[in-house]
Amino acid sequence: MTEMNMVQALNSAMDHLLSKDKSVILLGEDIGKDGGVFRVTEGLQSKYGEDRVIDMPLVEVGIVGMAIGMALTGLKPIAEIQFQDFIYTAMDQIINQMAKLRYRSGGDYTVPMVLRTPYGGGVKGGLYHSQSGETYFAHTAGLTVVTPSNPYDAKGLLLSSMEYGDPVIFLEPKRLYRSSKGEVPDGEYKVPIGEAKNIKEGNSVSIITYGSMVPTVLNIVEKHKIDADVIDLRTLLPLDINAILSTVKKTGKVVIVHEAPRTLGMGAEISALIAEKAIDSLLGPILRVTGPDSPFPYRWEEYYLPNEKRIMKAVNSVMTYG
Amino acid sequence: MTEMNMVQALNSAMDHLLSKDKSVILLGEDIGKDGGVFRVTEGLQSKYGEDRVIDMPLVEVGIVGMAIGMALTGLKPIAEIQFQDFIYTAMDQIINQMAKLRYRSGGDYTVPMVLRTPYGGGVKGGLYHSQSGETYFAHTAGLTVVTPSNPYDAKGLLLSSMEYGDPVIFLEPKRLYRSSKGEVPDGEYKVPIGEAKNIKEGNSVSIITYGSMVPTVLNIVEKHKIDADVIDLRTLLPLDINAILSTVKKTGKVVIVHEAPRTLGMGAEISALIAEKAIDSLLGPILRVTGPDSPFPYRWEEYYLPNEKRIMKAVNSVMTYG
Amino acid sequence: MPEDSEERNKFIKAYTAMVLSRTLDRKIVTSQRQGRVGFYTPTMGQEALQVGASMAMETADLIYGYYRDVPLMLHRGVPIETIINQIMGNDSDRAKGRQMPSHFSSKEFNFMSVQSPVATNLPLATGAAYALKYQKKKNIVLATFGDGSSSTPDFHAALNLAGVFELPVVFLCENNGWAISLPVERQTKVEIWTKAEAYGIKGVKADGNNFVDTYEKVNEAVKRAREGKGATLVEATSFRMGPHSTSDDPTKYRTENVEEGSEKDPIVVSEKILKQRKYVDDKMIENIKSRTHKLVEEKFNECEKISPPNPSTAFEGVYKNTTWMLKEEVEDIL
Amino acid sequence: MPEDSEERNKFIKAYTAMVLSRTLDRKIVTSQRQGRVGFYTPTMGQEALQVGASMAMETADLIYGYYRDVPLMLHRGVPIETIINQIMGNDSDRAKGRQMPSHFSSKEFNFMSVQSPVATNLPLATGAAYALKYQKKKNIVLATFGDGSSSTPDFHAALNLAGVFELPVVFLCENNGWAISLPVERQTKVEIWTKAEAYGIKGVKADGNNFVDTYEKVNEAVKRAREGKGATLVEATSFRMGPHSTSDDPTKYRTENVEEGSEKDPIVVSEKILKQRKYVDDKMIENIKSRTHKLVEEKFNECEKISPPNPSTAFEGVYKNTTWMLKEEVEDIL
Ligand SMILES: Cc1ncc(C[n+]2csc(CCOP(=O)(O)OP(=O)(O)O)c2C)c(N)n1
Ligand SMILES: Cc1ncc(C[n+]2csc(CCOP(=O)(O)OP(=O)(O)O)c2C)c(N)n1
Ligand SMILES: [Mg+2]
Ligand SMILES: [Mg+2]
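Residue numbers (this note's numbering), protein chains in the order written: chain A, 1 to 322; chain B, 1 to 322; chain C, 1 to 334; chain D, 1 to 334.
Check before you lean on any hint, since a few could be wrong.
To be verified - Using 25 angstroms as the maximum straight-line C-alpha spacing, the simulated BS3-like pairs for lysine-lysine come out as follows:
(1) Lys277(A) with Lys249(B)
(2) Lys252(D) with Lys33(A)
(3) Lys33(A) with Lys189(D)
(4) Lys47(B) with Lys136(D)
(5) Lys76(B) with Lys133(D)
(6) Lys47(A) with Lys137(C)
(7) Lys137(D) with Lys20(B)
(8) Lys107(C) with Lys137(C)
Since the hints were made in silico from the structure, they are not lab data.
Turn these sequences into a full structure, and let the hints guide you.
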């Protein structure tokens, strides 16, 4: 066990993978000498060589496409997109190739790979360095989407993703890269894909959240001594339906928190699943506290992100409902 | 008034727009001499010239990007993507340019344009000629997303879209191109953007649907004499919240039908809005009858698409609930 | 007739594959009109260039092809049944009819599953080539695409990356003059092979109607790739003798055409080449054609009898571990 | 000193813009270190090429620029306040601080709002050029981008379309040798201006450290565009004298650097040119520098005093007609 921040935990996971298996390859923009713009791959190129930690030209569709081709040919690529905001030129490769190859080839061709990318706001990045685009991936059958909220899960999920056998979109909440710290095992361990975690037990209200909003939610719950059941989803596709339904059945009151825009954000699907499968357990409306349906602003990002005021308003509203 | 199918209605709208205003320009693959692979632009190039009905090279990002540039420079472009399945290489232009230009320039630069594309299954198109990707657009603030279910709405919505002042994603249910017929005014008229239509009144259950599923739903409702309130959304972003809440308040029972995959399909947002704003009106779960979370198959598309059996099962289930 | 020679065998094999492909093409198009097949993208006109390219490849080399590559597959040894079953989407199709006709796949013969969005196989081919190079394998990658596909993002990405990393990949542009209704002159202002220079890779043009010329050009490119000398873009010019697909009506946009059996038909050109070298005579040609015809009829009829896949297969194989949603949805569907 | 001449005025204006930009650059970088500015992409090293290009443009011509184009904007006449207010994201910023610093916009001077995803302005520029041509206007479009941006899909799309439609657009590649940490030699195997050939447009290389050379090359390209002779790709080679951005630490990847005031510094090169032609002497240079310094200090302090925009502005202007969702959300937020 070592105390690490999320950047260090991810670096340690990749270091481990690279050292263990020669077929593991990293590729992305500025990930080599520069160590990545967030330093997540720091030191790995000098340790493992330029052909294993590849500084790529500025072409996201090429990064993703090449990684798919590598995965099809016996390598185990971990590709990085510098900011999730810049992933869209590779969207066709992701939706039409990566997600569909197993299906369309009757299982003859598969794409075991991980596509890492930092997402979310709170670092003064404006429209193009703050987006939370998880919906674009979580709506796409054939993909698996995970997002850690702490260093332990970050390393454990990355190690699991590399053994998953199918492509995993690995969303890293950049706001937590250095602020989130915790004990991380030095060796190998797994955080299972598809399993949410009940990170705080409570009986009066369920707060379902993930990624960058987890520490915010926990702080508020603690500060206000709310008797909340808090779920950290960890995997966004497929959602952990059992964890969601269990907490709803326990509390009957649900608040969903994420920073992606509300309309068709993850909250929509979570809410719909509950309205479909646990309507009788509900003791009030399902509320969503999310980013608004606008681009992400440079100034006033503290207003864009769900904050104490808004989360408490929703929590109080469902708790006093009826 | 003339009886037209949807292809003719769309053609007539574009013919009208081109004849009225020299700044209207059409661009897309095979839309000129060939008249479009679905013949929607048939005859327009020979009538208005190659510089106004432009046969574009095979590059979707160029089609969309060029159309944005035209819109920024005083033209009124209608761009066509041959199949919605092929739009993803243009996704960055759509999400990061088209949708954000007004916002990021403080209103100095705006993008009044229409991006047309046929979507949906039922024409034996398999994985890559059947997709219903409306979620990718409807989750994107800055876009407006419409989809007609009949020739009258097709023409009326297209005429409205061209005056909307912001970019409109115009999704054409290709399955209905020729099968849907109806009276269409010869001249100009508008179908307002943002307004759903209550296409059949009833009191026992609300069926909320749009685009290609509308005729299917109507047929089933008629055949089984269901006392259903049927809503044709027509605009997917922004949703007509009043129409949705009204029908829920009236019936208390909701079934949502669309052919896009369930997870984070439009049904998720509709369900979440209801669970947020009208939970007390609900007399049962909100059910979704949708395409499954898999790619769209060539064989057995009749199983992929919501059909009588599945829709009736859901309708009966909510109607007999409790 | 001269003695059997290695070249003679090779050429006859090449010619036979072309005839087989042409015969199959005609059969499928006819069957499509009869409603026995849903859709097809005829390959007529591109036989010589594909077979020429295939002649330069080893089975362990990887092909990232496109929807018109039937002649290439057949020459490579992919069983005709694999093609027909795919087109039928029947129970013997590896993908169980999930894909539209013309979207072939043969892992056995290292022919990558074909996608519809054009040219998006090219970055994959680049990645595969990187892997082969990294693994110090001697095999190489061949990636094919049409002339229209040269306008795409993926073309640019793949060729530049192949240049930067000096990868063992051959990009074969099958220039049939058209991208549906757009003639190549309206697709781009230059000859496609010249675009290689923009990526620092080799560019070469082949007469795609002449399988020998295409073989030689592709073979040289393959050699360079195997020797670690990097990528080549080969443009093989040919004709699209048929419509773009069975859904296409070329009379809308096209005035001239290369007729079957005319001077420019690559099968006719190939016959001339084989005859010139005295590898075949008219009788042998007749023989090959009638054998082939019989084979196609037989196989087609056999494959047509194979039952459809179980509907459940349409929703299987999305993941290694099916998601709970899909399980639930399929239960509702079936 | 020679008599006032048109050229002398032009050159002094050019030089002054360069000095102004350099001075502003230094001021912003310093302020960023002091926490008074959030972020910035220094433009140091690219002044001469940008000003040279700007000299060839008319105000009614459209610029589709990128985040490093401060010298170009200043030479064009964009008020220094526009730049500073954008960087501050204050209430006088047209976009009310919605965008990160360095994402400028000036409709008044036809400088299109800058996006972050690189090169995605190029297809827009192509569309704008199509519109101008269609409307039979005599104006043209200038689109700028970095060397790294030549690898993108949008570069390929835009240049090919400009070729096919023979559009009045000049693509100016500001080759500063780096894309963050990737040197241009690892970005692509060839010189960027040579890529023009792949699109059937004209390609030309300019010494971007010499504003006269860049002016002449761009001017010729502009002329061709105005005369309906189509597009040109100009590669202007220069240096990135600073880090990629204020967040970047170039010592991680870079060993050599062009120092301010050294022989290669484009400001020094420009001084030499002006002195050779006897357009300025040391005293005038001193004068320009101190005037500029004073101006920058004044304007910066003024702009810094402007209050922040109202938080509500962060959620306005997404649409012409705000959606009901956003209205509801903003009510909850504020
Ligand atoms: C990205 C993308 N856009 C559009 C299409 C629709 N489409 C199918 S084939 C085709 C033309 C392809 O032309 P070319 O690359 O020359 O190949 P050919 O069919 O002539 O062999 C088009 C536009 C597609 N498949 N993919
Ligand atoms: C599509 C995209 N990918 C990645 C980035 C992150 N990024 C910002 S600038 C940059 C390098 C750009 O290099 P170049 O085009 O040479 O311009 P320069 O910054 O050197 O002027 C990168 C990779 C981006 N902005 N856009
Ligand atoms: Mg072609
Ligand atoms: Mg650069």
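Next on the checklist: Run through the hints listed earlier and report the numbers of any the structure violates, in increasing order.
Outcome noted: Those not satisfied: there are none.
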